[in-house]
Amino acid sequence: MKKILLKRLNDHCYSNNIIPDEQFGFRDKHSCTHQLLRVTNKIVEGFNIKHYTGGVFLDVSKAFDRMWHNGLIAKLINYQFPDYLIEIIQRFLSNRKFQVKINQVLSSVGNIQAGTPQGSSLSLTLYNIFNSDFPRNDKVLN
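FYI, this note's numbering numbers position 80 of the sequence shown as 80, with every residue one higher than the one before it.
It is worth saying that the hints were derived from the structure and are not from the lab.
Worth double-checking, as some hints may not be accurate.
[What the hints assert, rightly or not] The calculated lysine to aspartate or glutamate pairs, modelled on EDC-like cross-linking and capped at a C-alpha distance of 16 Å, are:
1) K42 - D21
2) K2 - E87
3) K97 - D65
4) K42 - E22
5) K75 - E87
6) K62 - E22
Let's have the full structure, built from the sequences with the hints guiding it.
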């Protein structure tokens, strides 16, 4: 079921150009090596025409744990994903619980309010969708 859902999510993303070309994480045929080569080429191009070149890199701590469910659903709606996919994703993210065990003591059960399940293949694509509208500048690595 998750493989079919993932295929449908990815098909919609690719056919509607939702994931920016600059996003290399968690994508087929987009490796760290490709991104490194892309950045290196831009640095060399700038150097050759005597332009200053700078870089800003973002590493979000606990990114998957902090993904805002309502924000993700709003983006799925905005990107016109089919209603059935949005409903499945809502169910996938909702009614999740957690409990902590320290030594032999269990905490009470709590509700998970944000984030995507660790290890799920869907989490990677959902993260890319969630961040797909991150501001970009046409003068940055264009």
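Structure-based check of all given hints:
1. K42 - D21: holds (15 Å)
2. K2 - E87: holds (14 Å)
3. K97 - D65: Holds. K97 to D65 sits at ~13 Å (cutoff 16 Å).
4. K42 - E22: holds (13 Å)
5. K75 - E87: Given that 16 Å is the threshold and the Cα spacing comes to 13 Å, the pair holds.
6. K62 - E22: violated (21 Å)
The structure does not agree with numbered hint 6 stated previously, though it agrees with all others.
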